[in-house]
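A.B. asks: Now for the letters of each chain:
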Amino acid sequence: MITAILFTLCMAVAVGVFFYQLWRRFQLLRSAAPVSRFDRIPERIRTVLVYAFGQRKFVRRNPGAERSAGWMHFFIFWGFFVLSIQILTMFGRAYSDSFVVPGFGPHLLGRPYSLLRDFMEVAVLFWVGVGLVRWISHAPRLYGFLPPERGVRDKSHLEAYVILIFIGLIMVAGLIYDGGRIAARSENAQQIGGAQWAPFSTLVGLGLVKTLGVTYAHQASDVAWWVHNLIVLVFLDLLPPSKHFHIITAIPNIFFSKLEPKGQLSKQDLENASRFGTSHIDHFTWKQVLDMFSCTECGRCSSNCPATATQKPLAPRQLLLDLRDYLYRHQDEMIKKRSRRGSENDTDVAEVGENIVGSVIQDETLWSCLTCRACEEACPPMIEYVDKIVDMRRHLVQEESRFPKELTRTFKNMETQSNPWGIDSEQRFEWAAGMNIPTLADKPDAEFLYYVGCAGSYDDRNKKTTQAFVRVLQKAGVDFACLGREELCNGETARRLGNEYLYQSMAQMLIETLNNYRVRKIIVNCPHCFNTIKNEFPQFGGSYEVIHASDLVHQLVTSGRLKIAPEFSKRTVYHDSCYYGRYNDVFDEPRMLLSRAGARVHEMQRHRKFAMCCGAGGGRMWIEEDPNKRVNLLRTEQALQTDPEVIAVSCPYCMTMLSDGIKAKQLEDKVQTLDVMEIIDQATRSA
Amino acid sequence: MKILVPIKRVPDPATTIRVLPDGSGIATDNIKWVINPFDEIALEEALRIKERQGAGDVVLVSIGQQSWQEQLRTGLAMGADRAILVKAEQPVDTFAVARILAKIVADEKPELVIIGKQAIDDDSNQVGQILAELLGWPQATFASKIEIADGRCTVIREADGGLETVAFTLPAVITTDLRLNEPRYASLPGIMKARKKPLKEIAVDTLGLDLHPRVKIKAMKAPQKRQAGRKLSSVQELVQALHTEAKVI
Numbered sequence: 001m002i003t004a005i006l007f008t009l010c011m012a013v014a015v016g017v018f019f020y021q022l023w024r025r026f027q028l029l030r031s032a033a034p035v036s037r038f039d040r041i042p043e044r045i046r047t048v049l050v051y052a053f054g055q056r057k058f059v060r061r062n063p064g065a066e067r068s069a070g071w072m073h074f075f076i077f078w079g080f081f082v083l084s085i086q087i088l089t090m091f092g093r094a095y096s097d098s099f100v101v102p103g104f105g106p107h108l109l110g111r112p113y114s115l116l117r118d119f120m121e122v123a124v125l126f127w128v129g130v131g132l133v134r135w136i137s138h139a140p141r142l143y144g145f146l147p148p149e150r151g152v153r154d155k156s157h158l159e160a161y162v163i164l165i166f167i168g169l170i171m172v173a174g175l176i177y178d179g180g181r182i183a184a185r186s187e188n189a190q191q192i193g194g195a196q197w198a199p200f201s202t203l204v205g206l207g208l209v210k211t212l213g214v215t216y217a218h219q220a221s222d223v224a225w226w227v228h229n230l231i232v233l234v235f236l237d238l239l240p241p242s243k244h245f246h247i248i249t250a251i252p253n254i255f256f257s258k259l260e261p262k263g264q265l266s267k268q269d270l271e272n273a274s275r276f277g278t279s280h281i282d283h284f285t286w287k288q289v290l291d292m293f294s295c296t297e298c299g300r301c302s303s304n305c306p307a308t309a310t311q312k313p314l315a316p317r318q319l320l321l322d323l324r325d326y327l328y329r330h331q332d333e334m335i336k337k338r339s340r341r342g343s344e345n346d347t348d349v350a351e352v353g354e355n356i357v358g359s360v361i362q363d364e365t366l367w368s369c370l371t372c373r374a375c376e377e378a379c380p381p382m383i384e385y386v387d388k389i390v391d392m393r394r395h396l397v398q399e400e401s402r403f404p405k406e407l408t409r410t411f412k413n414m415e416t417q418s419n420p421w422g423i424d425s426e427q428r429f430e431w432a433a434g435m436n437i438p439t440l441a442d443k444p445d446a447e448f449l450y451y452v453g454c455a456g457s458y459d460d461r462n463k464k465t466t467q468a469f470v471r472v473l474q475k476a477g478v479d480f481a482c483l484g485r486e487e488l489c490n491g492e493t494a495r496r497l498g499n500e501y502l503y504q505s506m507a508q509m510l511i512e513t514l515n516n517y518r519v520r521k522i523i524v525n526c527p528h529c530f531n532t533i534k535n536e537f538p539q540f541g542g543s544y545e546v547i548h549a550s551d552l553v554h555q556l557v558t559s560g561r562l563k564i565a566p567e568f569s570k571r572t573v574y575h576d577s578c579y580y581g582r583y584n585d586v587f588d589e590p591r592m593l594l595s596r597a598g599a600r601v602h603e604m605q606r607h608r609k610f611a612m613c614c615g616a617g618g619g620r621m622w623i624e625e626d627p628n629k630r631v632n633l634l635r636t637e638q639a640l641q642t643d644p645e646v647i648a649v650s651c652p653y654c655m656t657m658l659s660d661g662i663k664a665k666q667l668e669d670k671v672q673t674l675d676v677m678e679i680i681d682q683a684t685r686s687a
Numbered sequence: 001m002k003i004l005v006p007i008k009r010v011p012d013p014a015t016t017i018r019v020l021p022d023g024s025g026i027a028t029d030n031i032k033w034v035i036n037p038f039d040e041i042a043l044e045e046a047l048r049i050k051e052r053q054g055a056g057d058v059v060l061v062s063i064g065q066q067s068w069q070e071q072l073r074t075g076l077a078m079g080a081d082r083a084i085l086v087k088a089e090q091p092v093d094t095f096a097v098a099r100i101l102a103k104i105v106a107d108e109k110p111e112l113v114i115i116g117k118q119a120i121d122d123d124s125n126q127v128g129q130i131l132a133e134l135l136g137w138p139q140a141t142f143a144s145k146i147e148i149a150d151g152r153c154t155v156i157r158e159a160d161g162g163l164e165t166v167a168f169t170l171p172a173v174i175t176t177d178l179r180l181n182e183p184r185y186a187s188l189p190g191i192m193k194a195r196k197k198p199l200k201e202i203a204v205d206t207l208g209l210d211l212h213p214r215v216k217i218k219a220m221k222a223p224q225k226r227q228a229g230r231k232l233s234s235v236q237e238l239v240q241a242l243h244t245e246a247k248v249i
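Taken in sequence, the protein lines are chains A and B.
Be aware that the first sequence starts at 1, since it is given in the numbering used here, and climbs by one per residue.
Be aware that the second sequence starts at 1, since it is given in the numbering used here, and climbs by one per residue.
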């Protein structure tokens, strides 16, 4: 009776505190800016099944993370689900000594459940042990804590130890509780159907009887009951203020994750907007705030980030935690602002806190991002980073006009000559001289438009790739035409750099040109053009079938329209570009083509989904980089570890970065950098 | 302080210029127009002076056709306060430009005129100097640094083979050189605001000025394409060629 009253009091206080905290966090979420994430529910449920319940990102091969840590999480995650029944049972035992959760009685699920429970308690205990050993011995070094992670590095990791010890104690207490009961009262053992249904509890119980005697074993069981239940209650109250809040928010965060194409940035309504980027904490959307709730500080993002790896000031984990901590410090103001918004005219409500861009988040941090998405690919609760960084870049460029000064030239070049190089737009089609390539003006009914893009039109090295690809198309008799001098830049660079205004005006001009010619099928040989035309142009009324070069050529080869001889027998390493690979899941076609051409294809340690950026993405192509900390050199070194004769790429920016890397290493005589289409071109000649 | 910044519309420097077949001028189709880069530097400097002083009035003026508004709007987006377009259908020569500007100065009464040292289309490098003469104001050309304090102005100017520092009292005319500053990129709120900033149009014939051209363009010709070089096999051959063909030795 006294136990029941005491426990009820404890529970009331703990659960009250928990729900109060949860309610505040929920209000904080509601005070954030709106975004629509309630569509496509079946797909969302599927995502939750795969990534939350399937723990997909934990248990797969990932060169940037330890797999054992992934399995640890898998078991603790499932332990929580399985043992929630045990927790309810033990709470109920405060009121009735024979309480069981309905359905879990001795004749229904009780026996198999107690077997599963025993197994999970031991498994979780084992993995908690592994976790503790990891923390004590090597985890901080393995998961980054590189220079940009100042906050995480200097922070005490008390939280991690407390939680691991708590979980361990809950398991131990559960085993002692059940073991003590089984040992002390044989009828209980009868009830559960014998030792085989609770093998580990029975073992613990026998041990207790042996060491303490029957009476004390029973008392130990009572003490374990209190320890178990009190730790669970304290744990509950520690969730909302700690990184373990993810236990509650991660599944919703996965549910509400982005379902639009990964490469599609949000469209800004520039005509009716009162601001043109994110500069204050209350500008973030509720999903972005949910991201901040859900970070568990594991560091998979930072350990996959090429900027972090080259000592840039950006580390995705640090960025997110800086935002989260600032958000939590301003929780009351955020909530107050929302209640004010209800009563007054909602546009006039002042912003919360200071301008965070330049203070909480440094400009340099934002400019370091390559928008390569390695962080997002790695993140188990599917936190989005690139959108936040681009939103803040939008503020810097559009509102403050503050950016690395070399970008002024880039933007103006795009405005006046429709290419970031600033070369006269009349020279756009000069690569085609003497190649007898029709333009759409000559041949408006061509099946395909080959959209070349700026790099393939103006950059001397990449013009060779363009010519090689055209030779392949001509050889296969593909019915195509180009836009010639009418071709315009699609503005991808401007959009990634945060210059949405420039991007939109460029995209609209190009879409107008394409629609005037009633273009339906577009071939490209540039992942940046591919991503923008395919995934972003539909936002502005440009919907086309966009086919990348290796897809088309692979079809031509399989259908027999293009003959290639498998005589390119060089040792070749394929470098995945971010915007074909991670963004658009183009992994297989270029590799299949290389094999068809006879290349001996090797892989870098970081390839496919985990490939590292060349250093040019997100507009970084146009930003000066410290010569000692270059991403392209790091990637070149990774490629050289496979001892290649050829580095194959399928992106003009990757071509520039990696061939520069090879030049810097003075290995031009030994290692060639070639586009996949150049290799195919060679292979068709010998066929 | 009120600063007048005259700007000229010129072809983007990256554009390939093609002379019309009859030699009367250049083909203007497909040309991207921009503010003359030296004038853009002048505007940037005016905006910086205004920002340093905390107050001021930066007035743009341009002489040309209706479509030149576009460049004035760009200047307003960068931060100029208002603009004047003196509408002239026919091209005007440097002397006429200086006279028009002198008239605008008389009406607007700025304390300072900052203008590019030359326009990159005809490279005359005359307007600033003629304007100062017409106004009877001090002038500092090819400025690479400008400092203003208590109505006195110190300018470091890029002379041949060195730097010269000149000081004078305002009002004055300053022409800008390349290294004075790096012009800003217009912000989006700037672009939005620029749409509503005042842009006054004045027909050139209402000014009552004698604008008949002193300079007449007789013909234009594209520069000759550079000939490909020739590889010679010996020093002797080179000396021979320099002597008989190039006639330099």
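Treat the hints as calculated values from the structure; they're not laboratory data.
Take the hints with a grain of salt, since some may be wrong.
Pairs of lysine-lysine residues, derived as DSBU-like cross-links and limited to a Cα-Cα distance of at most 30 Å, are as follows [said to hold, decoys possible]: (1) LYS267(A) x LYS32(B); (2) LYS109(B) x LYS412(A); (3) LYS197(B) x LYS267(A); (4) LYS225(B) x LYS412(A); (5) LYS196(B) x LYS405(A); (6) LYS443(A) x LYS32(B); (7) LYS405(A) x LYS443(A); (8) LYS109(B) x LYS405(A); (9) LYS109(B) x LYS665(A); (10) LYS109(B) x LYS32(B); (11) LYS193(B) x LYS405(A); (12) LYS87(B) x LYS412(A); (13) LYS200(B) x LYS412(A).
Chain A stretches covered by chain B per the calculated footprint, using a threshold of three residues with CB under 8 Å from any CB of chain B [as the list claims (entries may be wrong)]: (14) 30-42; (15) 408-414.
Where is the CB? At the ideal position from N, CA and C, for every residue including glycine.
A.B. asks: Check each numbered hint from earlier against the structure, then list the numbers of those it violates in ascending order.
C.D. replies: 2, 7, 8, 9, 10 and 14
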